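Undergrad: If you read the sequences in order, they're chains U and W.
Sequential numbering from 1 applies to the first sequence in this note's numbering.
Sequential numbering from 1 applies to the second sequence in this note's numbering.
Any given hint might turn out to be false.
[As the list claims (entries may be wrong)] Pairwise CB distance ranges (calculated):
{"#": "1", "chain 1": "U", "residue 1": "Gly243", "chain 2": "W", "residue 2": "Lys43", "range": "29 to 35 Å"}
{"#": "2", "chain 1": "U", "residue 1": "Arg118", "chain 2": "W", "residue 2": "Gln464", "range": "24 to 30 Å"}
{"#": "3", "chain 1": "U", "residue 1": "Asn335", "chain 2": "W", "residue 2": "Gly779", "range": "33 to 39 Å"}
{"#": "4", "chain 1": "U", "residue 1": "Gly243", "chain 2": "W", "residue 2": "Asp181", "range": "53 to 59 Å"}
{"#": "5", "chain 1": "U", "residue 1": "Thr23", "chain 2": "W", "residue 2": "Val790", "range": "56 to 62 Å"}
{"#": "6", "chain 1": "U", "residue 1": "Asp160", "chain 2": "W", "residue 2": "Arg786", "range": "31 to 37 Å"}
{"#": "7", "chain 1": "W", "residue 1": "Ala772", "chain 2": "U", "residue 2": "Asp160", "range": "29 to 35 Å"}
{"#": "8", "chain 1": "U", "residue 1": "Glu89", "chain 2": "W", "residue 2": "Ala718", "range": "41 to 47 Å"}
Simulated from the structure, these hints should not be mistaken for lab results.
Fair warning: this is a prediction, and the values are worked out from it, not measured in the lab.
In this text, a Cβ means the ideal position worked out from N, Cα and C, and glycines have one as well.
Listed below, chain by chain, are the residues.
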Amino acid sequence: MLEIEEKLQAEQARGLEALQAVTNVESLEAWKQEFLGKSSLVMKAFGSMGQLAKEERPLVGRAVNQVRSALEAALAEREEGIKAASQQEAFTKETLDVTLPGRKPRRGRIHPLHLTLREIYKIFGDMGFQIYRSPEVETDDYNFTFLNMPPYHPARDMWDTFYTDKEGVLLRTHTSPGQVRVMRERAPENIRVILPGTTMRYEQLTARSEIEFIQVELLVVGKGITFADMRGTLNDFARRTFGAHARTRLRPSFFPFTEPSAEMDVECFVCGGEGCGVCKGTGWLEILGCGMVHPTVLRYGGYDPEVYSGFAAGMGIDRSTLMRYHIDDIRHFRNNDIRFLEQF
Amino acid sequence: MKAPLSWIKDYIDLEGIGIEELANLMTSVGLEVESILLVGVEKPEGKLKNKYAGLPWDREKFVVAEVVEVNQHPNADRLTLCELDDGTGITTVLTGAPNMFPWLGKGRLEQPLKVAYAREGAVLYDGHQPGQVLTRLKRAVIRGVESRSMICSEKELGISEESDGVIELDADAPVGMPLVDYMGDVVYEVAILPNMARDASILGIARELSAVTGRPLRLPEGIALEKGGAIAEKVGLEVRDAELNPRFMLGMVEGTQARRSPYWVRRRLSMAGMRPIDALVDATNYTMLETGQPLHAFDYDLLRERAGGKPTIITRTATEGEKIILLDGSEPKLDAQIELVTDTAGPLSIAGVMGGGETGVHAGTRNLLIESANWNFINLRKTLTKTRLSSEAAYRFSREVHPALAETALSLCLKRVREWGGGEVVRGVLDEYGKPYTDTVNRITAKTIADVLGQEISLEESAQILERLGFTCRIDGEVLEATSPATRTDIEFGIIGQRNLIEEIARIHGYESIAPKRLSDELPPQVGNPALEAEERVRDILVSIGLQDTLAYRQTSPEREARIYVGRKAPEGLEYVRLRNPITPERTVMRRSGMATMLELLEHNAKFRPGLALFELGPVFLPVEGETLPHEALRLSIGMTGAWDTASWDKAQSQPMDFFDLKGVVEALLDGLHLTEVRFQAANHPSFHPGKCAEVWVGEEVLGVMGELHPQVRKNYAFGQDPVLAAEFDGEKLTRLSSADFANKAISSYPAMVEDIALIVDESVPADALEALIRQSGGKLLVDVRLFDVYRDEKLGSGRKSLAYQLTYQAFDRTLTDKDALNIRNRIVKQTKNVFGAQLRSL
Numbered sequence: 001m002l003e004i005e006e007k008l009q010a011e012q013a014r015g016l017e018a019l020q021a022v023t024n025v026e027s028l029e030a031w032k033q034e035f036l037g038k039s040s041l042v043m044k045a046f047g048s049m050g051q052l053a054k055e056e057r058p059l060v061g062r063a064v065n066q067v068r069s070a071l072e073a074a075l076a077e078r079e080e081g082i083k084a085a086s087q088q089e090a091f092t093k094e095t096l097d098v099t100l101p102g103r104k105p106r107r108g109r110i111h112p113l114h115l116t117l118r119e120i121y122k123i124f125g126d127m128g129f130q131i132y133r134s135p136e137v138e139t140d141d142y143n144f145t146f147l148n149m150p151p152y153h154p155a156r157d158m159w160d161t162f163y164t165d166k167e168g169v170l171l172r173t174h175t176s177p178g179q180v181r182v183m184r185e186r187a188p189e190n191i192r193v194i195l196p197g198t199t200m201r202y203e204q205l206t207a208r209s210e211i212e213f214i215q216v217e218l219l220v221v222g223k224g225i226t227f228a229d230m231r232g233t234l235n236d237f238a239r240r241t242f243g244a245h246a247r248t249r250l251r252p253s254f255f256p257f258t259e260p261s262a263e264m265d266v267e268c269f270v271c272g273g274e275g276c277g278v279c280k281g282t283g284w285l286e287i288l289g290c291g292m293v294h295p296t297v298l299r300y301g302g303y304d305p306e307v308y309s310g311f312a313a314g315m316g317i318d319r320s321t322l323m324r325y326h327i328d329d330i331r332h333f334r335n336n337d338i339r340f341l342e343q344f
Numbered sequence: 001m002k003a004p005l006s007w008i009k010d011y012i013d014l015e016g017i018g019i020e021e022l023a024n025l026m027t028s029v030g031l032e033v034e035s036i037l038l039v040g041v042e043k044p045e046g047k048l049k050n051k052y053a054g055l056p057w058d059r060e061k062f063v064v065a066e067v068v069e070v071n072q073h074p075n076a077d078r079l080t081l082c083e084l085d086d087g088t089g090i091t092t093v094l095t096g097a098p099n100m101f102p103w104l105g106k107g108r109l110e111q112p113l114k115v116a117y118a119r120e121g122a123v124l125y126d127g128h129q130p131g132q133v134l135t136r137l138k139r140a141v142i143r144g145v146e147s148r149s150m151i152c153s154e155k156e157l158g159i160s161e162e163s164d165g166v167i168e169l170d171a172d173a174p175v176g177m178p179l180v181d182y183m184g185d186v187v188y189e190v191a192i193l194p195n196m197a198r199d200a201s202i203l204g205i206a207r208e209l210s211a212v213t214g215r216p217l218r219l220p221e222g223i224a225l226e227k228g229g230a231i232a233e234k235v236g237l238e239v240r241d242a243e244l245n246p247r248f249m250l251g252m253v254e255g256t257q258a259r260r261s262p263y264w265v266r267r268r269l270s271m272a273g274m275r276p277i278d279a280l281v282d283a284t285n286y287t288m289l290e291t292g293q294p295l296h297a298f299d300y301d302l303l304r305e306r307a308g309g310k311p312t313i314i315t316r317t318a319t320e321g322e323k324i325i326l327l328d329g330s331e332p333k334l335d336a337q338i339e340l341v342t343d344t345a346g347p348l349s350i351a352g353v354m355g356g357g358e359t360g361v362h363a364g365t366r367n368l369l370i371e372s373a374n375w376n377f378i379n380l381r382k383t384l385t386k387t388r389l390s391s392e393a394a395y396r397f398s399r400e401v402h403p404a405l406a407e408t409a410l411s412l413c414l415k416r417v418r419e420w421g422g423g424e425v426v427r428g429v430l431d432e433y434g435k436p437y438t439d440t441v442n443r444i445t446a447k448t449i450a451d452v453l454g455q456e457i458s459l460e461e462s463a464q465i466l467e468r469l470g471f472t473c474r475i476d477g478e479v480l481e482a483t484s485p486a487t488r489t490d491i492e493f494g495i496i497g498q499r500n501l502i503e504e505i506a507r508i509h510g511y512e513s514i515a516p517k518r519l520s521d522e523l524p525p526q527v528g529n530p531a532l533e534a535e536e537r538v539r540d541i542l543v544s545i546g547l548q549d550t551l552a553y554r555q556t557s558p559e560r561e562a563r564i565y566v567g568r569k570a571p572e573g574l575e576y577v578r579l580r581n582p583i584t585p586e587r588t589v590m591r592r593s594g595m596a597t598m599l600e601l602l603e604h605n606a607k608f609r610p611g612l613a614l615f616e617l618g619p620v621f622l623p624v625e626g627e628t629l630p631h632e633a634l635r636l637s638i639g640m641t642g643a644w645d646t647a648s649w650d651k652a653q654s655q656p657m658d659f660f661d662l663k664g665v666v667e668a669l670l671d672g673l674h675l676t677e678v679r680f681q682a683a684n685h686p687s688f689h690p691g692k693c694a695e696v697w698v699g700e701e702v703l704g705v706m707g708e709l710h711p712q713v714r715k716n717y718a719f720g721q722d723p724v725l726a727a728e729f730d731g732e733k734l735t736r737l738s739s740a741d742f743a744n745k746a747i748s749s750y751p752a753m754v755e756d757i758a759l760i761v762d763e764s765v766p767a768d769a770l771e772a773l774i775r776q777s778g779g780k781l782l783v784d785v786r787l788f789d790v791y792r793d794e795k796l797g798s799g800r801k802s803l804a805y806q807l808t809y810q811a812f813d814r815t816l817t818d819k820d821a822l823n824i825r826n827r828i829v830k831q832t833k834n835v836f837g838a839q840l841r842s843l
């Protein structure tokens, strides 16, 4: 090996080692001058090629080129690394205060009672129930008589009714008139529907009572429908709504359009049945009234009660929504105060 | 119905059943216990599922005592000092009770007065404060006399509101006995279902408990009644219409006194919610609460005086112009429908509702005539609706009372009058039973029961339940025949009667014992509800844009709706669904305008938020000539005002919204519903700004109107200066025209070319017409046209405007060339020039 070759080898080793210590643009520049600059050993070796013997030239030329490329490659890599590091450093100077508030886009919300309705549609939809709607301004016949409450029937007292100035026309006090309407439309087919809608009662407007509220009625008519089916269906509904372990209780009640009639309570979901303000210390929340469709109602609907049977249930969703979200005043639902609605 | 436990126990042995357990038993059979009042008794332990109230009486601190002497307080006229024996010795107790004054200065009392005595440290209600305020008895000196304890009133003990005077217990009360042992009680407040009015009585409740516990019922015994007899010589009876007055009975007691009833009677009445009056009136009320049969008492001598001899009681309907002043002082208008009890001199009472003031019991009553009658409940309900009267008697009669109860109650009442008021019962009763009640007979089988309940209950068990409820049962092979008891009117016959029986069996057997099942019948044809689904889509789209969903009251007033018109003057002839009994003058009709609702919502909320964007989807009610029911037309109302954006910490709030913000929302909605052939047409509407109002058309149908509120209409509301934007659409059309199905457009994979073009046209050229022409001339390679600038300047010429568009060209099969673009552009320029005289403006 020629002396010059050895020198170049040593220069390469020295250069690569020196590059390890280079960490910024300035020292990189100095390194470049030292090892690849005009006065560097490598460049000088190029310059002095002419003075070499002819047969030495290719040998030395190859060695110089090898060393130069090795140094240049190492330089490029280092340069890349240093650039990336300095950029990163620059970026860190742009750091934001991530705790500043974001710019709020406008967001619309579904009204809480419509949210509850949708949930009920979904649950009963899964069980094969269809949705049927009927008028809010009703006839006395559909609201009372066809529901087994002829004029002056004592049970009419159960509802404080708004009457219109037209004889026999009133604001429906419950969604039950829809029962006879859907029966008349569908007889003699099986029926499995829910009847949602606004109902109106003549009551004092207070934090706990409204003149307008939304009810959802349930109606099943078919052959061989029993009280046990009703209990099963309503239990399933309660579990879907209040959780898989929700306990229910059924106790006797009275509605003129069902016989037998019952009321279903669910164990208070706020206190788990221990007793609290929401359940008034009883551990139970009244959620719906139900019963086997009264033979008279089936007849008015066009179904022979000797052949068909059915069950019905009705629930007010304002109250359950109130309890669910701990809302303090039922009037919020229809006052539509934006500060209230925005919370859903 | 308030039912004291001690009273229920007169008729059934409830030994071993706790306070809470009894309440749950009642609720389980349909006697829903709303609350439990503890009178002196400690609250039960354990997990309680009922609402409790009341005051426990400490056994050491509250005892029965007797007052042996009453003396004047040395320094106060209105106070007495009672020498009292509480079983441990004599103490002096200070009281201002008026009922101690009669004994003042009588020295040692021959018959000591038994009282409820509270010792020092006792916790009770303050008798001098309204409501129930707890207080602890402390040593105090009142006008120089030391006081440590007290003699109690009912209010102080939590028995009733009565605070005027102290309780005088019955003479047999044992001195020194803890008060709670002597008269502690539990009052169950029970909600009576309309078909269980028979249980608005202590006996009714006891009968239900007998059925559910299987323990026997002990019926009270009255005096034996015989028809006719001496009473027939004292009074006559004439029932004009048995249909209206199925039964009327009269009994009589002579030589009685309207004195004070025994204390236990008074206490029971108080706890049951009725004011004790005197022995005679108390006897009628007590018997009513006990049996459910209302009674009425007349002073016989007053009747005799009116008749000028032997009186005759006549029941009949009122004649026009007849008058009566009732016990409560009211004077209802009478007519030929209203049934009365009268004598030959005129009306005595409104039958089954309330007696007249003239002929009732008074302090001097000696001879008492007792009415025990039955009235047609439907006719009575008409009377109540008309007169707006209410009473305990009317409550029961209006829910139909069984006529057999008249006899039971009369026999019990005569006995009580004799016991509590003294005197002799006149032999015999008068009884006009013109319309005997037929108790229904029903037959059921085990299969009928299982068909309804989905669970088998044996005929034997069913018969036992029914018998405990008072039915008479007979099992004949597979058939159970049940005759309804002579206390009930709610059991019908035929299939309904069967259902009635099944309900009775199920509720006593226990609803909870019927195992739940899942529906197994065939599903009905699946039809869906496209209208509702479309409405929910509308909600979702508007919410996704950022609008808030709301829910409107249906009831409003024409005055409120008139606010949407200039000068609050609605057009003539708007028909409303009007309420006969509105709850407030603000809500007298059903609404007919969605916009009126929306503007009220905006007005209410403008106070709280600088920018609002609301919508409401709901019906309005439009009367239809010749139709019974109004058309319930679905309306979509949108309301917007203020800035769309809220300001953030580095960005100012944007400009208040204007017409085009609303239009953008409407366009986004219609686009979301995939409606095609949509156009906006300048329109006039009285509520809107004459130049900023449009009708929205879809094909050949008008969806509705939108625009900026007329400034003079805006003044009808408490709005600021920002424009108020509103729209009202026919929701039915909107949902009907929308489609869940639409064709998706293919996307080209070749590059698009974009270029801008500005056209100068006359002001009168509508933007949408120009754009339509550009699209048409551009052909199918022109895939998008976007207006990005509208510019007006003198240099354009007066009455001219420049509309700048960004045009996008794209093909599905190749990359377009500059030559393609030039061709399209030239076509557009040429066509718009020909049709609208458009002039290309160099950009």
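Undergrad: Now tell me, hint by hint, if it's right for this structure.
TA: Against the structure, the hints:
1. Gly243(U) <-> Lys43(W): 29 to 35 Å: Cβ of Gly243(U) to Cβ of Lys43(W): about 31 Å, so the range 29 to 35 Å holds.
2. Arg118(U) <-> Gln464(W): 24 to 30 Å: Given about 48 Å between the Cβ atoms, the range is violated.
3. Asn335(U) <-> Gly779(W): 33 to 39 Å: At 55 Å between Cβs, range violated.
4. Gly243(U) <-> Asp181(W): 53 to 59 Å: This hint is violated: roughly 46 Å between Cβ atoms.
5. Thr23(U) <-> Val790(W): 56 to 62 Å: holds, 59 Å
6. Asp160(U) <-> Arg786(W): 31 to 37 Å: Violated, since Asp160(U) and Arg786(W) (Cβ atoms, about 59 Å apart) do not stay within the stated range.
7. Ala772(W) <-> Asp160(U): 29 to 35 Å: For Asp160(U) against Ala772(W), whose Cβ atoms are near 58 Å apart, the range 29 to 35 Å is violated.
8. Glu89(U) <-> Ala718(W): 41 to 47 Å: Check failed, 58 Å falls outside 41 to 47 Å.
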